[in-house]
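4 protein chains.
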Amino acid sequence: MSTATTQPITGPFLIVNPKAYLGSSDTLRLALLTDELAAQFETDVIFTAQHVDLRMVAERTSNLCVTAQHMDPIVKGRGMGHILPESLVEAGARAVVLNHAEHQLSLATLDATMERAREVGLATVVCADTDAQCRAIATMGPDIMICEPTAAIGTGTMDAGDYIERTTRIVKDVDPGILVIQAAGVTGADDIARVLAQGADGSGGTSGIVKHPDWRQVLTEMFTVIAEHKKSHS
Amino acid sequence: MSTATTQPITGPFLIVNPKAYLGSSDTLRLALLTDELAAQFETDVIFTAQHVDLRMVAERTSNLCVTAQHMDPIVKGRGMGHILPESLVEAGARAVVLNHAEHQLSLATLDATMERAREVGLATVVCADTDAQCRAIATMGPDIMICEPTAAIGTGTMDAGDYIERTTRIVKDVDPGILVIQAAGVTGADDIARVLAQGADGSGGTSGIVKHPDWRQVLTEMFTVIAEHKKSHS
Amino acid sequence: MSTATTQPITGPFLIVNPKAYLGSSDTLRLALLTDELAAQFETDVIFTAQHVDLRMVAERTSNLCVTAQHMDPIVKGRGMGHILPESLVEAGARAVVLNHAEHQLSLATLDATMERAREVGLATVVCADTDAQCRAIATMGPDIMICEPTAAIGTGTMDAGDYIERTTRIVKDVDPGILVIQAAGVTGADDIARVLAQGADGSGGTSGIVKHPDWRQVLTEMFTVIAEHKKSHS
Amino acid sequence: MSTATTQPITGPFLIVNPKAYLGSSDTLRLALLTDELAAQFETDVIFTAQHVDLRMVAERTSNLCVTAQHMDPIVKGRGMGHILPESLVEAGARAVVLNHAEHQLSLATLDATMERAREVGLATVVCADTDAQCRAIATMGPDIMICEPTAAIGTGTMDAGDYIERTTRIVKDVDPGILVIQAAGVTGADDIARVLAQGADGSGGTSGIVKHPDWRQVLTEMFTVIAEHKKSHS
Numbered sequence: 001m002s003t004a005t006t007q008p009i010t011g012p013f014l015i016v017n018p019k020a021y022l023g024s025s026d027t028l029r030l031a032l033l034t035d036e037l038a039a040q041f042e043t044d045v046i047f048t049a050q051h052v053d054l055r056m057v058a059e060r061t062s063n064l065c066v067t068a069q070h071m072d073p074i075v076k077g078r079g080m081g082h083i084l085p086e087s088l089v090e091a092g093a094r095a096v097v098l099n100h101a102e103h104q105l106s107l108a109t110l111d112a113t114m115e116r117a118r119e120v121g122l123a124t125v126v127c128a129d130t131d132a133q134c135r136a137i138a139t140m141g142p143d144i145m146i147c148e149p150t151a152a153i154g155t156g157t158m159d160a161g162d163y164i165e166r167t168t169r170i171v172k173d174v175d176p177g178i179l180v181i182q183a184a185g186v187t188g189a190d191d192i193a194r195v196l197a198q199g200a201d202g203s204g205g206t207s208g209i210v211k212h213p214d215w216r217q218v219l220t221e222m223f224t225v226i227a228e229h230k231k232s233h234s
Numbered sequence: 001m002s003t004a005t006t007q008p009i010t011g012p013f014l015i016v017n018p019k020a021y022l023g024s025s026d027t028l029r030l031a032l033l034t035d036e037l038a039a040q041f042e043t044d045v046i047f048t049a050q051h052v053d054l055r056m057v058a059e060r061t062s063n064l065c066v067t068a069q070h071m072d073p074i075v076k077g078r079g080m081g082h083i084l085p086e087s088l089v090e091a092g093a094r095a096v097v098l099n100h101a102e103h104q105l106s107l108a109t110l111d112a113t114m115e116r117a118r119e120v121g122l123a124t125v126v127c128a129d130t131d132a133q134c135r136a137i138a139t140m141g142p143d144i145m146i147c148e149p150t151a152a153i154g155t156g157t158m159d160a161g162d163y164i165e166r167t168t169r170i171v172k173d174v175d176p177g178i179l180v181i182q183a184a185g186v187t188g189a190d191d192i193a194r195v196l197a198q199g200a201d202g203s204g205g206t207s208g209i210v211k212h213p214d215w216r217q218v219l220t221e222m223f224t225v226i227a228e229h230k231k232s233h234s
Numbered sequence: 001m002s003t004a005t006t007q008p009i010t011g012p013f014l015i016v017n018p019k020a021y022l023g024s025s026d027t028l029r030l031a032l033l034t035d036e037l038a039a040q041f042e043t044d045v046i047f048t049a050q051h052v053d054l055r056m057v058a059e060r061t062s063n064l065c066v067t068a069q070h071m072d073p074i075v076k077g078r079g080m081g082h083i084l085p086e087s088l089v090e091a092g093a094r095a096v097v098l099n100h101a102e103h104q105l106s107l108a109t110l111d112a113t114m115e116r117a118r119e120v121g122l123a124t125v126v127c128a129d130t131d132a133q134c135r136a137i138a139t140m141g142p143d144i145m146i147c148e149p150t151a152a153i154g155t156g157t158m159d160a161g162d163y164i165e166r167t168t169r170i171v172k173d174v175d176p177g178i179l180v181i182q183a184a185g186v187t188g189a190d191d192i193a194r195v196l197a198q199g200a201d202g203s204g205g206t207s208g209i210v211k212h213p214d215w216r217q218v219l220t221e222m223f224t225v226i227a228e229h230k231k232s233h234s
Numbered sequence: 001m002s003t004a005t006t007q008p009i010t011g012p013f014l015i016v017n018p019k020a021y022l023g024s025s026d027t028l029r030l031a032l033l034t035d036e037l038a039a040q041f042e043t044d045v046i047f048t049a050q051h052v053d054l055r056m057v058a059e060r061t062s063n064l065c066v067t068a069q070h071m072d073p074i075v076k077g078r079g080m081g082h083i084l085p086e087s088l089v090e091a092g093a094r095a096v097v098l099n100h101a102e103h104q105l106s107l108a109t110l111d112a113t114m115e116r117a118r119e120v121g122l123a124t125v126v127c128a129d130t131d132a133q134c135r136a137i138a139t140m141g142p143d144i145m146i147c148e149p150t151a152a153i154g155t156g157t158m159d160a161g162d163y164i165e166r167t168t169r170i171v172k173d174v175d176p177g178i179l180v181i182q183a184a185g186v187t188g189a190d191d192i193a194r195v196l197a198q199g200a201d202g203s204g205g206t207s208g209i210v211k212h213p214d215w216r217q218v219l220t221e222m223f224t225v226i227a228e229h230k231k232s233h234s
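Chains as they are written, first to last, in the UniProt record's numbering: chain P, 1 to 234; chain W, 1 to 234; chain X, 1 to 234; chain C, 1 to 234.
Simulated from the structure, these hints should not be mistaken for lab results.
Don't take each hint at face value.
[Said to hold, decoys possible] Footprint (simulated), chain X over chain P, 3 or more residues, beta carbon under 8 Å:
#, segment
1, 127 to 140
2, 164 to 172
[As the list claims (entries may be wrong)] Simulated crosslink set (DSS-like; lysine-lysine; CA at most 30 Å straight-line):
#, chain 1, residue 1, chain 2, residue 2
3, W, K172, C, K172
4, P, K211, W, K172
5, W, K211, P, K76
Quick reminder that beta carbons are idealized off the backbone N, C-alpha and C, glycines included.
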């Protein structure tokens, strides 16, 4: 049997997901800045990093939920070139993103990997695109979901229709305990304010942050709207 | 254009490839021991580790060619969950294994990843199985090759026929500058002595080392036969 | 928008799934025999065939739901080497198996392929393994599901526990309109009688049929227990 | 051991590769027209079709080398949803395209599939992109190669540089017996005349044919330049 993971995050929260945009030293610089602001704003943060940088980020920060960008459903043994769940935990990661549009998994592999995450105590952050995918994955017991219309990733343009409200509701109808991230096309604090108002628990992004000329400014603005949202809902 | 990589290894050499058999602390323990013996025996070593452990191993050792077990042909940008070549270099890796039987690549992906390795200055250690695969990959300019009959991996039984001599010769006939590792089914020092005598430049293994009750003993024996081979051929 | 497919099958029904066990002429021989018995026993049959044989089977039989073993979510255009849904319909197929353990799909691809099936009017027969997978796929609106513990495929041994009753109930709890096939490890008529008694709508198999020395005998026995089950439940 | 395949084609020849652009009835219409012109111009033709249409095309034509767009390295047995080589032969196919940019194979899978092709007597038509890939695949003994810079596929624009001459020479230097197809970006008879003049054995295309408003006209022009090339070189 699997052991329950402790949900490491409370909403509203920020996700900083540099994907593969940054080398190690820039990743560390972004992590240290985010860590400082997370403490200042008393806000939870999911911070992802390349596998090779996870331990460094975990060792140098205190207020981040350090999160792997992928792992494989392997156990100790063979599996050359694959990511061993136990090693993520030893490195200090507390969560793992699975099934991102840029790293899709078969349903059987996703299932097995979520089971491995529960076994080693990593929270799962599972990505889904369409309504049908959001609903299906919500039934599988993830801790957190990223609902993201694939066509909008990296475009800097948010979904024009009711995607955010609709998919957040679909997930919560299946399991209200799942935290929902809506971040596709989010480029700044205004976008985050809007998706939180539409029911999301977390938001943030990739290119809207890493490509911004002033990381401190954009992150401060994002943390500010999250803190304001928290205050107005408490 | 790509820049030339410097071949980081001189034969005869040892490969210690723990794959996913060891957690981080055991990987570090094995690395420290191998590092000590590499200095003592003045022998080159390819030491692979899980991505999450690469920086730790590189920072704590001096005599190992720290080697990633896989990377992806991405450049800085999107590529969630994939391994960015530049970050391996920043972490201290000097080589990367590609196309292992447990992580096979399409020919186009292998080609693109070898090109990325040359761009960032990582040596390539490319795996091949049959004669046809050994010959095809040898034409692509790898620094090192692992010739390995897939059926023998992890069995503790070496190929009964002339696989080792034949595939080593196939590779050298294409490009004598490629160093050839023969390690499938190798479980101890005697096996290493034999494959070096049959023309291989390097040997070592996975289960023959990590499952051995006394790592210092098995590694010392392996380093000893390599040092003897070196002396008798110099 | 997608158009609704007409469920082409009524339970209890037989599935004859020769996978890649038979060449074209043997596939045709099995199809003709199954077609004759389907008419005699007035029982619905899902009969799968290699893509290359689908049109031949459809043209030469009258009582089979001719079913493709896979298709891709492509539209007319590029897609070299992939299976175009529209061409399956033109060839006479009425259903398609998706996500078999031997041909697993990412959740996004499965979703897109089910949507394509609805667009062209093919019924979907979607495979699932664990409870979590059965539940997740049931929410996606398949016409038929094959619940199959992967470890039991091809073993000739049925699941010893309550897998059949449990997963059938999981699917029906999500959507009672989904027909459930339970066939893993089924080798003969007795097995089929048992799974129908445990709630399945359909059963049958692969190796239990194709490897049987007397196809007419084993199929007749299978049709007989299905007909008896139908009579006792009408 | 594998048996030798008979090279089914003599250059200069035409390739008509409708990929997934056409449904079954249009595929048949294009095949019948190509068959008629192949006889009239006494020119060899590789004609590919969706798997589901192969038998129909083979039964209704006499002058085409009917060619599958992909197959899998399976033997009779399990392999749900995969393409069995033996069934392609039974359906009348004489060749198979492998490793197309839209259906890439690992080197090990390509190797195993080429071996299966030799076992069942299908000629192999293997795709490659860069110089390195062209050279590597040429060493593996394909009957025919398609050299195609992936970036140019479907663009209607031919490679501006010396790709055609260079890659053709790379292949012929490894094995002069391999027939080389150059077809990326080819849209009409003039393009075909040019690539044949630059050393290719065959040319043709996909979108340049299937999207042309008058198939008879474009095919007649293509056959004409091939026939003229043949006459001027005999």
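### Query
When you check the alpha-carbon spacing of K211 of chain P and K172 of chain W, does it fall within 30 Å?
Given that 30 Å is the threshold and the Cα spacing comes to 47 Å, the pair is violated.
#### Entry: chain X over the segment 127 to 140 of chain P, status - at least 3 residues with CB closer than 8 Å
Coverage by chain X holds for the segment 127 to 140 of chain P (10 residues, Cβ < 8 Å).
### Query
Does the structure keep K172 of chain W and K172 of chain C at a Cα separation of 30 Å or less?
At roughly 22 Å apart (the allowed maximum being 30 Å), K172 of chain C and K172 of chain W satisfy the hint.
### Task
Count residues of the segment 164 to 172 of chain P with a Cβ under 8 Å from any Cβ of chain X, then say if the count reaches three.
violated (count 0)
### Message
K211 of chain W and K76 of chain P were given as a pair; does the straight-line alpha-carbon distance stay at or below 30 Å?
### Response
This hinted pair holds, its Cα atoms lying about 12 Å apart.
Taken one by one, the earlier hints fail for this structure at numbers 2, 4, listed in ascending order.
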